[in-house]
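Undergrad: Chains B and C: place on chain A using the hints.
Residue numbers (our numbering), protein chains in the order written: chain A, 1 to 301; chain B, 1 to 326; chain C, 1 to 131.
Derived from the structure by calculation, the hints contain no laboratory data. Yeah, the Cβ is synthetic: ideal placement off N, Cα and C, and Gly gets one too. Any given hint could be a false lead.
[Unchecked claim] Covered stretches of chain A, as calculated for chain C (at least 3 residues, CB under 8 Å): (1) 163-171; (2) 176-184; (3) 195-201.
Residue-level listing of the chains:
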Amino acid sequence: MSAALEAIALTKRYGTTPALTKCDLRIPAGHVVALVGPNGAGKTTLLHLAMGFLNPTAGDIKVFGWSPQAQPTIVLPRVGFLAQDRPLYRRFKVRDLLEFGRRLNPRWDGELARLRLERLAIPLHRPVGKLSGGQEAQVALALTLAKKPDMLLLDEPLSNLDPLARREFMQVLMDAVAEEGLTVVLSSHIIADLERTCDYLVILAQGQVQLAGEIEGLLDSHRTLVGGPSDRALLEHDTSVIHSSHTPRQTTMLVKLNGRPAAGQWEEHHVGLEELVLAYLSRPSGDSSTKPEPVEPAKLQ
Amino acid sequence: MIWVTWAQHRREALVSGIILSVAAALLVITGLIILADFKSSGAANCAPAAGPAVGVFASGTSCEQVLGAFFSRWLTLTGAAWLALMTLPVLLGVFIAAPLLSREFEQRTYLFAWSQSITSLRWAVVKLGLFVAVVLVSAAALTVLVMWWHSPLDLAGHDGPWAAFDIQGLAPIGYAVFALSLGTLAGLVIRRTIPAMALTLFVFVAVRILIGALVRPHFMTAVTGSAPDLKQGSWVLSASYYADAQGHHVSLEQVNQMVSVYASTAPTTFNGSAVMDYLHRQGISLLTDYQPLDRFWPFQLIEAALFFGLAVSLFAASLWWLQRRA
Amino acid sequence: MIEFHLDRMSGITTYWQLVQQVQHAIRVGRLKAGDQLPTAREVVARLAINPNTVLKAYRELERAGLVVSRPGQGTFVTDAAHAMPVTTHAALRRSLERWIRSAREAGLDNESIRAIVSTTLQESEDKVGIA
Chain A
1 MSAALEAIAL TKRYGTTPAL TKCDLRIPAG HVVALVGPNG AGKTTLLHLA
51 MGFLNPTAGD IKVFGWSPQA QPTIVLPRVG FLAQDRPLYR RFKVRDLLEF
101 GRRLNPRWDG ELARLRLERL AIPLHRPVGK LSGGQEAQVA LALTLAKKPD
151 MLLLDEPLSN LDPLARREFM QVLMDAVAEE GLTVVLSSHI IADLERTCDY
201 LVILAQGQVQ LAGEIEGLLD SHRTLVGGPS DRALLEHDTS VIHSSHTPRQ
251 TTMLVKLNGR PAAGQWEEHH VGLEELVLAY LSRPSGDSST KPEPVEPAKL
301 Q
Chain B
1 MIWVTWAQHR REALVSGIIL SVAAALLVIT GLIILADFKS SGAANCAPAA
51 GPAVGVFASG TSCEQVLGAF FSRWLTLTGA AWLALMTLPV LLGVFIAAPL
101 LSREFEQRTY LFAWSQSITS LRWAVVKLGL FVAVVLVSAA ALTVLVMWWH
151 SPLDLAGHDG PWAAFDIQGL APIGYAVFAL SLGTLAGLVI RRTIPAMALT
201 LFVFVAVRIL IGALVRPHFM TAVTGSAPDL KQGSWVLSAS YYADAQGHHV
251 SLEQVNQMVS VYASTAPTTF NGSAVMDYLH RQGISLLTDY QPLDRFWPFQ
301 LIEAALFFGL AVSLFAASLW WLQRRA
Chain C
1 MIEFHLDRMS GITTYWQLVQ QVQHAIRVGR LKAGDQLPTA REVVARLAIN
51 PNTVLKAYRE LERAGLVVSR PGQGTFVTDA AHAMPVTTHA ALRRSLERWI
101 RSAREAGLDN ESIRAIVSTT LQESEDKVGI A
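This is chain A alone, in the form it adopts within the complex:
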């Protein structure tokens, strides 16, 4: 079965500025994927390449096995996209945008979109520019879902939304995932938002994939170890150390267990998602020796 999104040695340069460098990625279908990384890491570039808005400088990108550049008529109807800051035609009324979508998309469920918006009490006759941020986000989401895609790519969809609007957005999104088995890729740099909704993680930094895998497996295979300074030497050259910090009395390290327990006397703590991401993001660049293969626990199908 084709991966939902696959990148093979994907490279993109804007002129001389590199955005993505030899990225390898294989996101399986049926997951809600958190795409995290600092600003300028290449998240938006990756999503734009997946939609065929840009051509790669080198390498390949495939969506469900198809090339978005070579076969846009196959890819575009299957993937919904929400760009950063939700650029909609603000002068248009909501129902105009629904008409817009109806005319340009081969698969379109306008009734469902209308129902969703009515349930949220969003007036269809109002120009989009006059809606609140949360309402605008719901309109954009409804439009994206109405084309009945197999995958959604959302570029920082929760930015500039108040907590209630964020919650309502995720409710609608998760409900759609539950109903239709969508694959979703959400990019964000606010990890707390993603923690309870995503089950797959991709960390992008400095134009490279730093980590990718099912969140459960990743959290299982990493630990925070706390010990005295004398224990430091035992793990000093262990390439599975992701991040470490030292005080004269204490050494704290976030490590990836390579199937065996850590040598020495350590206090072991479980790692949270945010901790994990921060540790990988604060690694010095170029250190991809600990890049693990995607970790998947035994799945009960």
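TA: Just chains B and C now, kept in the frame of chain A:
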């Protein structure tokens, strides 16, 4: 996509429609007034019989005076109208064509449009295609109106239809489509509206001046003929000059010397035509380089073809650029 | 019907919180045999969590014999699930009271007692290999 383009540009269509309607109304009103004056002043009777144009030696027939008076009566109005009509393609290029694509990139709404299962190529082709169609039809309609409006002046003015070359015939349609293609390419490449508008303005005006002033006179080799015998409706390209039987230029001093010589012989009649006859006998004639009236439409075709050709290349460049990016 | 809630700050994974809440509800009698659990869609629409999380929690409960999922109908509490008999409770509580007395005699305050209970529980879970 056609509905989408219309929905997006409803406002511009409305404003343009109003401007064109106002222009058309003004043309109709002023045209009728001019036509009425043409008939009532007797210029209409003179016009078909208008013989040689006024040369260096004006022969001052009453028809010449009537036509001349008619023409200068409407000079200010026609001058203003000419100016206004000349700016229409500029307005099209700067205010409609340049923002057409640049705004989509500036406001990033292209990301929304392109994620609606429509390829960027189809999006651009339909948008541009629709605009080209509307511009062609409107420009053609307006130009037909202008030709009707200017027809009395074609008959009355020395230069005939050449005086309004830029605003009648086929050329204005070419200018309009060229402005459209230039604006959209600028907007597409620059992706910022204000700089795209500025570039469109600058390049459009530069190209028009270059072609109009430097290239157009040479579309076909100019005809050299006797200045006094010049027919009405010719486009004079140079000042008149004296030349001998071999066609070599003769300077004004030499001619004046010869006239003095003639004067010293104390002829019985010493007027303009007598002097001209004397010079003719010496093999000297007053010549001018011009394009005759029957070349007006061929020149229109060439000018239009030139601008259509430019437009087609620019549209092709736009589509190529879009494909390269996407 | 049970209504789930999530405690973000507890440090316990989402799916385990759902499992615990069902177990607790059964234990105190709020959920009885034959009661239906909310559908995955209902839970997701309220809590905005990943549907797989709900499915995983329900699978875990099914594995423990507390619920059974009937395709096309929903997930229901089994007959095998029952509130713990009061007697078993009582025996456990008496031994706990004895332990607490010893802890107090050793000088531990309430917070230290709670800390010992949590870490010991956590370690025992790790050993069994849950989560």
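Undergrad: A separate judgement is required for each hint: does it hold in the structure or not?
TA: Outcome of the hint check:
1. 163-171: With 3 residues close enough to chain C, the hint holds.
2. 176-184: It holds: at least three residues are needed, and the stretch 176-184 of chain A offers 3 whose Cβ sits within less than 8 Å of chain C.
3. 195-201: holds (count 4)
The structure is consistent with each of the numbered hints, conforming to all of them.
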